[in-house]
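Undergrad: Sequence:
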Amino acid sequence: MIAYLGRIVHDNDAESELDDDVSSISKSLDLQGSVENGDVSSLACKDFGGLYSVKPLFLIKPSGAEDISRVVKLALRTSNLTVAARGNGHSINGQAMAEGGLVIDMRSTEKNHFEFLPINGSHYIDVSGGALWEDVLTRCVSRYGYAPRSWTDYLSLTVGGTLSNAGVSGQAFCYGPQTSNVTELEVVTGKGEITICSETLNSELFFGVLGGLGQFGVITRARIKLQQAPDMVRWIRVVYSEFEEFTRDAEFLVTQKEGESFDYVEGFVFCNNDDPFNGWPSVPLDPSHEFNPTYISQTAGSVLYCLEVAFHYRNSDHPTVDTAVNGLLGRLRFVEGLKSQVDVSYTKFLLRVNRAEEQVKANGTWDGPHPWLNLFVSKSDVVNFDRTVFKTMLKDGVGGPMLIYPLLRSKWDDRTSVVLPEGEIFYIVALLRFVPNGPSVEKLAAQNREIVNWCIKVGLDFKLYLPHYQSKEDWERHFGNRWSRFVERKASFDPMAILAPGQNIFRRDPSNIIISREF
Numbered sequence: 001m002i003a004y005l006g007r008i009v010h011d012n013d014a015e016s017e018l019d020d021d022v023s024s025i026s027k028s029l030d031l032q033g034s035v036e037n038g039d040v041s042s043l044a045c046k047d048f049g050g051l052y053s054v055k056p057l058f059l060i061k062p063s064g065a066e067d068i069s070r071v072v073k074l075a076l077r078t079s080n081l082t083v084a085a086r087g088n089g090h091s092i093n094g095q096a097m098a099e100g101g102l103v104i105d106m107r108s109t110e111k112n113h114f115e116f117l118p119i120n121g122s123h124y125i126d127v128s129g130g131a132l133w134e135d136v137l138t139r140c141v142s143r144y145g146y147a148p149r150s151w152t153d154y155l156s157l158t159v160g161g162t163l164s165n166a167g168v169s170g171q172a173f174c175y176g177p178q179t180s181n182v183t184e185l186e187v188v189t190g191k192g193e194i195t196i197c198s199e200t201l202n203s204e205l206f207f208g209v210l211g212g213l214g215q216f217g218v219i220t221r222a223r224i225k226l227q228q229a230p231d232m233v234r235w236i237r238v239v240y241s242e243f244e245e246f247t248r249d250a251e252f253l254v255t256q257k258e259g260e261s262f263d264y265v266e267g268f269v270f271c272n273n274d275d276p277f278n279g280w281p282s283v284p285l286d287p288s289h290e291f292n293p294t295y296i297s298q299t300a301g302s303v304l305y306c307l308e309v310a311f312h313y314r315n316s317d318h319p320t321v322d323t324a325v326n327g328l329l330g331r332l333r334f335v336e337g338l339k340s341q342v343d344v345s346y347t348k349f350l351l352r353v354n355r356a357e358e359q360v361k362a363n364g365t366w367d368g369p370h371p372w373l374n375l376f377v378s379k380s381d382v383v384n385f386d387r388t389v390f391k392t393m394l395k396d397g398v399g400g401p402m403l404i405y406p407l408l409r410s411k412w413d414d415r416t417s418v419v420l421p422e423g424e425i426f427y428i429v430a431l432l433r434f435v436p437n438g439p440s441v442e443k444l445a446a447q448n449r450e451i452v453n454w455c456i457k458v459g460l461d462f463k464l465y466l467p468h469y470q471s472k473e474d475w476e477r478h479f480g481n482r483w484s485r486f487v488e489r490k491a492s493f494d495p496m497a498i499l500a501p502g503q504n505i506f507r508r509d510p511s512n513i514i515i516s517r518e519f
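Sequential numbering of the sequence shown, starting at 1, is according to full-length UniProt numbering.
Computed beta-carbon distance windows for the label pairs:
1) Ala362 <-> Ser440: 19 to 25 angstroms
2) Ser440 <-> Pro495: 39 to 45 angstroms
3) Ser302 <-> Arg143: 47 to 53 angstroms
4) Arg143 <-> Asn384: 47 to 53 angstroms
5) Glu476 <-> His318: 49 to 55 angstroms
6) Glu424 <-> Thr183: 23 to 29 angstroms
7) Pro319 <-> Lys348: 17 to 23 angstroms
8) Asn481 <-> Glu245: 33 to 39 angstroms
9) Asp231 <-> Glu357: 22 to 28 angstroms
10) Ser28 <-> Ala362: 40 to 46 angstroms
Read the hints as simulated data drawn from the structure, not as lab findings.
Beta carbons: idealized from backbone N, C-alpha and C, even for Gly.
With the hints as constraints, model all of the structure from the sequences given.
TA: Rendered as structure tokens:
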């Protein structure tokens with residue numbers, strides 16, 4: 001078997017033999033799952049970003065952790081094969097690809113685990129790393145009346161995928177990111193070892209994998225904290241003309257004691273014009289209501305700001321909801337007359353982006369390229385960022401949402417592999433572009449680079465979220481004083497740099513058994 005794979009890896013004519021040998025590879029590996037040829041039409045060659053496309057050797061559809069372990073151990077016995085775990089393909093810059101390597105389709109494992117666990121008065125759910133968060137939501141709520149505490153905005157993402165990055169949405173100010181809401185993992189390491197880990201068991205692997213960009217292991221099972229699911233959500237948007245007032249109110253809300261604020265706080269920037277995608281029409285929650293620009297001051301700038309909040313309640317709480325919500329809104333300084341609100345079910349609120357997906361798919365832009373950019377920016381630099389980026393570079397919008405809202409560092413665990421700006425309050429910025437194919441794609445990708453280079457040049461305290469860098473120097477700058485810890489974890493759990501080659505952090509070096517600190 002190894003000789004056969006060696007022939008595929010080293011023989012230039014071997015590609016012509018692949019179609020005939022896929023079944024024999026599966027049998028030789030003794031996989032319970034299946035193997036597909038990694039041709040150019042395969043999903044393994046693509047991702048949501050649409051900016052990169054590379055051809056793997058094979059696409060593996062494992063039945064579970066044992067299959068994944070066999071695949072990793074096979075790669076270990078070769079000189080250059082790498083392995084990438086692919087969730088639902090929502091990466092932007094080819095992070096889940098493996099050129100000439102083996103791509104593992106984690107979606108084939110989605111139904112392996114689903115167990116509701118009451119433990120010492122708390123409630124948890126064990127789910128597969130390949131499960132979609134939208135399925136976790138609907139099954140937890142419908143079967144048990146419970147739900148995870150922390151989410152992402154878009155739920156057609158895999159559990160293992162978001163935990164390998166952080167997992168952030170409007171609940172993170174209260175409960176932290178998704179990486180702060182998992183208590184146990186099953187992981188297949190870069191040595192092919194199937195390992196259970198937690199804060200107290202194999203803790204270095206546990207914290208390394210969380211936010212570890214797939215570098216230390218493939219998450220095959222996660223134990224997620226739950227809370228009782230509310231019945232309904234009051235979903236509200238209010239508008240600001242001044243950035244300082246927007247940030248003052250957003251920071252006020254996220255720093256209140258638990259139970260004394262809204263349950264969800266986000267925000268976004270929009271253009272002060274009637275553009276249907278970037279301007280006033282993007283704000284109202286009820287499509288029958290129109291945005292009335294006469295409430296906006298004549299001195300307002302080219303962009304405006306929307307604070308988006310949500311208040312959870314049970315059906316039995318309805319009589320007191322108005323009092324609670326109005327009490328919170330009464331302390332904010334938004335533009336009077338520009339408030340939009342609706343009451344929706346809890347699941348409908350959490351699936352709001354999935355419904356928007358259906359609309360975008362209908363107009364054809366969902367399947368186009370997505371040169372997105374996500375950053376964490378410190379509170380100390382966010383006004384400068386707004387003045388230069390939002391008010392100048394992006395004053396005409398990006399063809400999609402421009403999110404910005406505050407998060408609290410104390411809700412994140414410094415033991416994970418995620419790196420953050422300094423200070424208790426920092427902001428997530430997400431430029432979510434939807435563009436057609438064509439020359440504009442490279443122009444927008446270049447604009448992303450311009451924004452990042454400006455941040456570096458002026459010395460902003462920032463970190464890329466869902467990072468993508470091309471050089472060792474950039475990665476060292478990104479991790480800062482955490483770089484040595486990251487390298488040490490790589491040496492411990494994936495010493496031959498088998499895993500996640502698409503992140504472009506480490507390169508497999510066949511001459512070394514233990515990964516070098518150099519590329």
